[in-house]
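Taking the hints into account, I'd like the entire structure generated from these sequences.
Number of protein chains: 2
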Amino acid sequence: MSKPVTLSESGFCPHSLNKYASLLATGNGYLGCRASHEEAYTHQTRGMYLAGLYHRSGKGEINERVNLPDVIGVDIFLNGELFSLLSGTLESWQREIDFATGELTRSLIWRAPDGARFAIESRRFVSAEQLPLLATTLSITPLDSDAIIALSTGIDATITNHGRQHLDETQLRVFGQHLLQGIYTTQDGRSHVAVSTHCRVNGDAQSCFTAKERRLMQHTSSLMKAGECLTLEKLTWVDWTTECDVSLESWGQKGILHLNACVGLGYDALLAQSAANWQRWWQHCRVEVNSVNADDQRALDFALYHLRIMTPAHDERCSIGAKGMTGEGYKGHVFWDTEVFLLPFHLLTYPDVARNLLRYRWHNLAGAREKARINGWQGALFPWESARSGDEETPEFAAINIRTGLRQKVASAQAEHHLVADIAWAVVAYWQVTGDEQFMSHEGLTLLLETARFWLSRTTEVKGRLEIHDVIGPDEYTEHVNNNAFTNYMAYYNVEQALHFARRYGCTDDAFIHRAEHFLQFLWRPEVLADGILPQDDTFLSKPAIDLSAYKTTAGKQTILLDYSRAEVNELQILKQADVVMLTYMLPELFTAEVCLNNLHFYEARTIHDSSLSKAIHGIVAARCGNPEQGYQFWHEGAQIDLGDDPHSCDDGIHAAATGAIWLGAIQGFAGLSVRNGALHLDPALPEGWKKLTFPLYWQGSEMMISLSKSHVTISSSRPVTLWLNAKPIIIDGEYKLAFPDMILPVFGTATTERGKE
Amino acid sequence: MSKPVTLSESGFCPHSLNKYASLLATGNGYLGCRASHEEAYTHQTRGMYLAGLYHRSGKGEINERVNLPDVIGVDIFLNGELFSLLSGTLESWQREIDFATGELTRSLIWRAPDGARFAIESRRFVSAEQLPLLATTLSITPLDSDAIIALSTGIDATITNHGRQHLDETQLRVFGQHLLQGIYTTQDGRSHVAVSTHCRVNGDAQSCFTAKERRLMQHTSSLMKAGECLTLEKLTWVDWTTECDVSLESWGQKGILHLNACVGLGYDALLAQSAANWQRWWQHCRVEVNSVNADDQRALDFALYHLRIMTPAHDERCSIGAKGMTGEGYKGHVFWDTEVFLLPFHLLTYPDVARNLLRYRWHNLAGAREKARINGWQGALFPWESARSGDEETPEFAAINIRTGLRQKVASAQAEHHLVADIAWAVVAYWQVTGDEQFMSHEGLTLLLETARFWLSRTTEVKGRLEIHDVIGPDEYTEHVNNNAFTNYMAYYNVEQALHFARRYGCTDDAFIHRAEHFLQFLWRPEVLADGILPQDDTFLSKPAIDLSAYKTTAGKQTILLDYSRAEVNELQILKQADVVMLTYMLPELFTAEVCLNNLHFYEARTIHDSSLSKAIHGIVAARCGNPEQGYQFWHEGAQIDLGDDPHSCDDGIHAAATGAIWLGAIQGFAGLSVRNGALHLDPALPEGWKKLTFPLYWQGSEMMISLSKSHVTISSSRPVTLWLNAKPIIIDGEYKLAFPDMILPVFGTATTERGKE
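Taken in sequence, the protein lines are chains A and B. Position 658 of the first sequence, counted from 1, bears residue number 658 in full-length UniProt numbering, the numbering being contiguous throughout. Position 413 of the second sequence, counted from 1, bears residue number 413 in full-length UniProt numbering, the numbering being contiguous throughout.
Hints should not be assumed to be uniformly reliable.
25 Å max Cα-Cα, derived SDA-like pairs, lysine to any residue [to be verified]: (1) A:212 x B:482; (2) B:225 x B:121; (3) A:212 x B:62; (4) A:212 x B:396; (5) A:254 x B:405; (6) A:212 x B:401; (7) B:409 x A:189; (8) A:557 x B:59; (9) B:212 x A:40; (10) B:212 x B:222; (11) B:692 x B:6; (12) A:557 x B:158; (13) A:212 x A:227; (14) A:409 x A:479; (15) B:212 x A:415; (16) A:552 x A:503; (17) A:692 x A:285; (18) A:710 x A:727; (19) A:254 x A:203; (20) B:254 x B:241; (21) A:59 x B:190; (22) A:409 x B:692; (23) B:59 x A:61; (24) A:557 x B:222; (25) B:552 x A:208; (26) B:59 x A:190; (27) B:59 x A:189.
One-sided excerpt, in silico: chain B residues whose CB lies under 7 Å from chain A [said to hold, decoys possible]: (28) 42; (29) 59; (30) 60; (31) 84; (32) 157; (33) 168; (34) 172; (35) 173; (36) 407; (37) 408; (38) 651.
Quick caveat, the hints were computed from the structure, so don't treat them as lab data. Only a predicted model underlies this, so the values are computations on that prediction, with no experimental measurement involved. Glycine residues also receive a C-beta, built at the ideal position from the N, C-alpha and C atoms.
Printed below as a string of structure tokens:
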């Protein structure tokens, strides 16, 4: 494995502060920390978050991921003037995150308005080895003349979620000369957070502490000779608990013991520990691409890095937020994005993580059952947006209606029910990849039965057939429709799989089995029309179409809503993302390549791609349909959702699903991996610019390594594995190398397979 | 009357942003608005407050004055770049508040980093005529070439009190093209605030609205030709209620009706209304001084301006916070400062306002009785810090102990009891100045009796005499002492006056009368020692003294606490302010000039003046002792507490008491006004630099005008008034002019008085 690459911020630009604060975020799935600068800027949003720590701050508010007290900020006074890159001159600049180690560094030379130059360097990582540890250093060297350098840093609990405060200050303490601790309690009294930080400045700094206005700060001042380097090493330990059975003081002491052990090691040794952990992780999952566009490898390393740091692998009581832990977007809530866009990566590399994500849903079944019940249905209706419990967390309001001046209600929680089937789909996928009987016979079966029971109760009988009315599909620009194709097909799959596993595990609930059989017999699934089009729902095809080209150029920004109300959009052929394309992606075995292609073309013309979930899926379907170049175009544009030129591409956090889709696109699109009827398929379709694609894969207990080029497929497996390569079954046992003239293999049988052994 | 002067900020300096945000604040006693800039700066604290609107934000927190959603902020994008004075070049600058009209203006020319120049002007006032109205304009002219000017402004509810959020968003609306309204509710559900704002940009601006993350914003963009001026006129109406008997929507509509009426008038007409109101007000109370130092007049106009805008004259259910409504300092709480430092100005100019301030205490008697009761005493123990109710609001913790790392408890609420007598003192003063029988026989008497009852229960009998143990006097560096002179004398005065008025109004509570007589007979009041010193308390004189000169140079900053713990300070002869000097100021009839002078010298040497209440009182006592030059030195230094060079002199709000003391110093110090045994005394002692001092005065139904110079005293009165001029009684009826060779009049009788009629 070559070393993962880095991602740089090419210069300082106040417009893109928050974009890079998201892109270059550090974390470990337990703690996420935005890549804010030490110095403050007015429009810079600081953020540090703990997986699973949500709180509701007031009436009319909803549970959101708590923005923690800040420890990154440092007021830097250089000869009495507050350092800011808005003044003076930046003479050199380098800022990058090293995906190999998770370390973020910045190095710059700045000329103050009075002419004196300073070298300023900072380094930062969140430990992959010790989850509560955030380590930072800040070094300042006056280059031209002696200077007084004063630093104020500590724990700043004035931080809010855009004005919503979640934490009460419970206890503030200072220990000795370097150690500060704040213990904070969520306003509902349920959770405690202990932030302990050790701030040490080299040399003879004068220091004092203040605790005022929710800021617990250490202030140091040093006279530095020209060329001498002042270094602040700041190590922070962030604990939290919802069940504190000792005194808060005793509990806080534990964190201080851990922190003191880290202080003994120091930044560099701690970094080495964490980097070694990262190396082991990359070894197991890195995707390497030899592309004419070096950005493609960067996009993949970016995606995998974020897939790791967004995922609370340590705690099955929480799942992945739609913006990871890189910002406040979507309030840290969990959507179907997790099961459909993020879980597959984990499933095919670290399946235990995928199991955790499914167990998160299983833990929250009570809330899902309750939501179904209070809405008059049965089984489990999972919340559209989910936090730590299974309660519905979708906010009541969205944007302002341009006509009425009123804020518009969010309808997803009421009607976007496909999520239920998406979770079932992921359960089946987990089973297919792992064959984990223990999970499947217990949590998996329960999830399948409860989701299926929801669908059994969700139908409306119309002239002898069962229909599903008043839903929203993935395309949220079309609300409250009947027989949404995506929903109906996925519901069918959900019930079908539930019935299958109910029988497999000897389920004795005959009523369920009978009702499921009836459902499968009578559920209406929209049919492909004579022109090859699968109608998105009962009415979509009858609506007028409009020219969307202007809106497509600003995809992702929902500019259509500046010109049309939501109600108007609903009555036009305008898609945020294409349901039918999504359906052909999720259940590929049900549709011919021709149907996939027809619908891709038809619906894409009507799709703005205002959802970050849209383009990458189009790319995968295009690649699967034999058009890897179109697939690459979509994939590339999908990767640009965060990484592109827009200075505000991801101000409030990276798009987790789009990040997951970078991996999906490479593996499910260009490597052509799919699981069809339980079998592993590989139908490679590398785009022209990709010379080689290599990736590890977990499949049913085997550790595989797959390498694809224009001329060869090389596959190794730790145990014998059956694989369908371009629709031909082969058995991999050891390492195989297969040559073929081009990506569409003419004939491909066991003989060729044997050649691979050469 | 000449026109009140202006106060300017001489240049833009990021260090002093918050100082000037306090100094140049606008307000009207109902609404207070910090003088923040339209553009944001990282260390700029925005603030807008409503008198009486307090809320407790969470556990361990206390009621504090709610920082309202911001309407001042405007993101100004000039050709796509966010305007900030930290970048580019400031080519001209003028910023000042006009005390005559209450209008704050800024006018600057700024050269962007790309070289293009812009003229930017803003104007702002809070209406003296319509209390809920805040009016602003912002004008931008590209000077060199056409420019795209984009403005984002509206109602920003991300504002907190340093991270503490008090308001839930209850309802957000946009009406038409210019009007935005947010209705917010305190998290306890008790109070509602409606912020309605009308934002109109001239010309053909493109505009849209967003409501996201607690910001309800209007965004406009205009292409302006070079030399063309873009003007935003933004009128804001701020209502609040604790008793909303109609729907919030109907209630909110009322504000919109008022606002629309204002929109019809426009900024200039609204300003003219408000300025006329200000003119009437100044006419009635302005102090004019002809001084060799022009800053003296500025200090006086500054003081009176702030005395008006800090005072909720419209609502007797609230009083004046220790920082007015100019910042979050002291959380907007009311201290004894109000009765002793602020009430006298109102009493002697607008006595109805003084009555309101006393009725505020009367309304809150229940809480004061309860505090006495739960502490085992009787009568009324008013809270050391007070908000809207009579509950104690003193925070539990102050600064961090430098030895233990623990935050230190605040002891004032437990032991700083002189406040009770200070309120009684103000009640008597009100009576003396107004002769208001209606108030005195009812609220006044109740306050006197209840405060007296507290003292009757507060004593400890020691060998036959009554002592008062374990108190803190005004000098908060000496805690938990017995027989604090200030407290004992003031308690005596309190009970003496209560007994007097009890008898006057035929009080039939014989038990009280008997106990009061006993108290007055046996209460120990520390006696002046042979060396002329009145001991501050039982132990002070036995403590060691240390050299305080270093700490005196940083008076007000409490730097002593960086070197000594509070416990250590308590065991040294170190005063924050001098109790005995304060006592001789408050009850001048009890002490000879010699005693006053002796104690001034003795205690001043031991006083750091870390309290903003300290210097001005020393100045008054010095002037009364015949040393106006020393008095002027103290007065001047007292005025510098806010107005001096320290860039952080009043970051979290102006010092209300010190502001009041600027007036006290001029009137009670240099004009020598005092009320002794109910009689009005004038003992002028103008400092050398003051050529003339003129001020209006209310006294027992008469509107008086007094003018003093080295050679003349001119006094006019609307009704006959008896006045003691330099200890000689004279009767003023009409206008009198009295000549005398110097300020210490040799003999002064009725003959001279008659000469005054010339």
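Cross-check of the supplied hints:
1. Between residue 212 of chain A and residue 482 of chain B, the direct Cα distance comes to roughly 32 Å. Violation of the 25 Å bound is thereby established for this hinted pair.
2. Distance check on the hinted pair: residue 225 of chain B and residue 121 of chain B sit about 17 Å apart at the alpha-carbon level, within 25 Å; holds.
3. For the suggested pair residue 212 of chain A and residue 62 of chain B, the alpha carbons sit about 14 Å apart, so the restraint of at most 25 Å is met.
4. Distance restraint check for residue 212 of chain A and residue 396 of chain B: the Cα-Cα separation of roughly 13 Å lies within the 25 Å cut-off, and the hinted pair is therefore satisfied.
5. The suggested pairing of residue 254 of chain A with residue 405 of chain B holds, with an alpha-carbon distance near 18 Å, which does not exceed 25 Å.
6. For the hint linking residue 212 of chain A to residue 401 of chain B, the alpha-carbon distance of about 13 Å falls within 25 Å, and the restraint holds.
7. At roughly 23 Å between alpha-carbon atoms, residue 409 of chain B and residue 189 of chain A fall within 25 Å of each other, so this suggested pair holds.
8. Proximity of residue 557 of chain A to residue 59 of chain B is assessed by CA-CA distance (about 40 Å); at most 25 Å being required, the pair is judged violated.
9. Pair hint residue 212 of chain B plus residue 40 of chain A holds up; C-alpha atoms about 22 Å apart against a cutoff of 25 Å.
10. Annotation: proposed proximity of residue 212 of chain B to residue 222 of chain B holds, straight-line Cα distance about 23 Å (limit 25 Å).
11. Our distance criterion of 25 Å between C-alpha atoms is met by residue 692 of chain B and residue 6 of chain B, whose separation comes to about 20 Å.
12. This hinted pair checks out: residue 557 of chain A and residue 158 of chain B have alpha carbons roughly 23 Å apart, not beyond 25 Å.
13. The suggested pairing of residue 212 of chain A with residue 227 of chain A is violated, with an alpha-carbon distance near 35 Å, which exceeds 25 Å.
14. With a C-alpha separation of about 12 Å, the suggested pair residue 409 of chain A and residue 479 of chain A falls inside the 25 Å cut-off, and the hint holds.
15. Restraint check for residue 212 of chain B and residue 415 of chain A: satisfied, since their Cα atoms lie roughly 23 Å apart, inside the 25 Å limit.
16. Simply put, residue 552 of chain A and residue 503 of chain A have alpha-carbon atoms about 47 Å apart, too far for the 25 Å limit, and the pair is violated.
17. Taking the CA atoms of residue 692 of chain A and residue 285 of chain A, the gap is about 16 Å. The hint holds against a cut of 25 Å.
18. Of the supplied pair hints, the one linking residue 710 of chain A and residue 727 of chain A holds, its CA atoms being roughly 18 Å apart against a limit of 25 Å.
19. Proposed proximity of residue 254 of chain A and residue 203 of chain A is contradicted: the alpha carbons are some 29 Å apart, above 25 Å.
20. Our distance criterion of 25 Å between C-alpha atoms is met by residue 254 of chain B and residue 241 of chain B, whose separation comes to about 12 Å.
21. Of the supplied pair hints, the one linking residue 59 of chain A and residue 190 of chain B holds, its CA atoms being roughly 12 Å apart against a limit of 25 Å.
22. At roughly 68 Å between alpha-carbon atoms, residue 409 of chain A and residue 692 of chain B are farther apart than 25 Å, so this suggested pair is violated.
23. For the suggested pair residue 59 of chain B and residue 61 of chain A, the alpha carbons sit about 19 Å apart, so the restraint of at most 25 Å is met.
24. Between the alpha carbons of residue 557 of chain A and residue 222 of chain B the distance comes to roughly 21 Å, so the proposed pair stays at or under 25 Å and holds.
25. Only pairs whose Cα atoms come within 25 Å are accepted, and residue 552 of chain B paired with residue 208 of chain A is accepted, the gap being roughly 20 Å.
26. Only pairs whose Cα atoms come within 25 Å are accepted, and residue 59 of chain B paired with residue 190 of chain A is accepted, the gap being roughly 12 Å.
27. Proposed proximity of residue 59 of chain B and residue 189 of chain A is supported: the alpha carbons are some 9 Å apart, at most 25 Å.
28. Below 7 Å, beta-carbon pairs count as interface contacts, and residue 42 of chain B has one with chain A at about 4 Å; its hint therefore holds.
29. Given hint, residue 59 of chain B at the interface with chain A, holds; its Cβ is 5 Å from that chain's nearest Cβ, closer than 7 Å.
30. The closest approach between the C-beta of residue 60 of chain B and any C-beta of chain A is roughly 5 Å, which is under the 7 Å cut-off, so the hint is satisfied.
31. The closest approach between the C-beta of residue 84 of chain B and any C-beta of chain A is roughly 6 Å, which is under the 7 Å cut-off, so the hint is satisfied.
32. The interface hint given for residue 157 of chain B is met, as the beta carbon of that residue sits about 6 Å from the closest beta carbon of chain A, less than 7 Å.
33. A distance limit of 7 Å between C-beta atoms decides the matter here; for residue 168 of chain B the minimum to chain A is near 4 Å, and the interface restraint holds.
34. Given the 7 Å rule on beta carbons, the hint for residue 172 of chain B holds: about 6 Å separates it from the nearest Cβ of chain A.
35. Taking 7 Å as the C-beta contact cut-off toward chain A, the hint placing residue 173 of chain B at the interface holds, the least distance being around 5 Å.
36. Interface hint status for residue 407 of chain B: upheld, as the beta-carbon distance to the closest one in chain A is roughly 6 Å, under 7 Å.
37. At about 10 Å, the closest approach between the beta carbon of residue 408 of chain B and any beta carbon in chain A exceeds 7 Å, and the interface hint on this residue is violated.
38. Here the hint on residue 651 of chain B is broken, as its CB sits about 11 Å from the closest CB of chain A, past 7 Å.
The structure is inconsistent with the numbered hints 1, 8, 13, 16, 19, 22, 37 and 38, although it conforms to all the rest.
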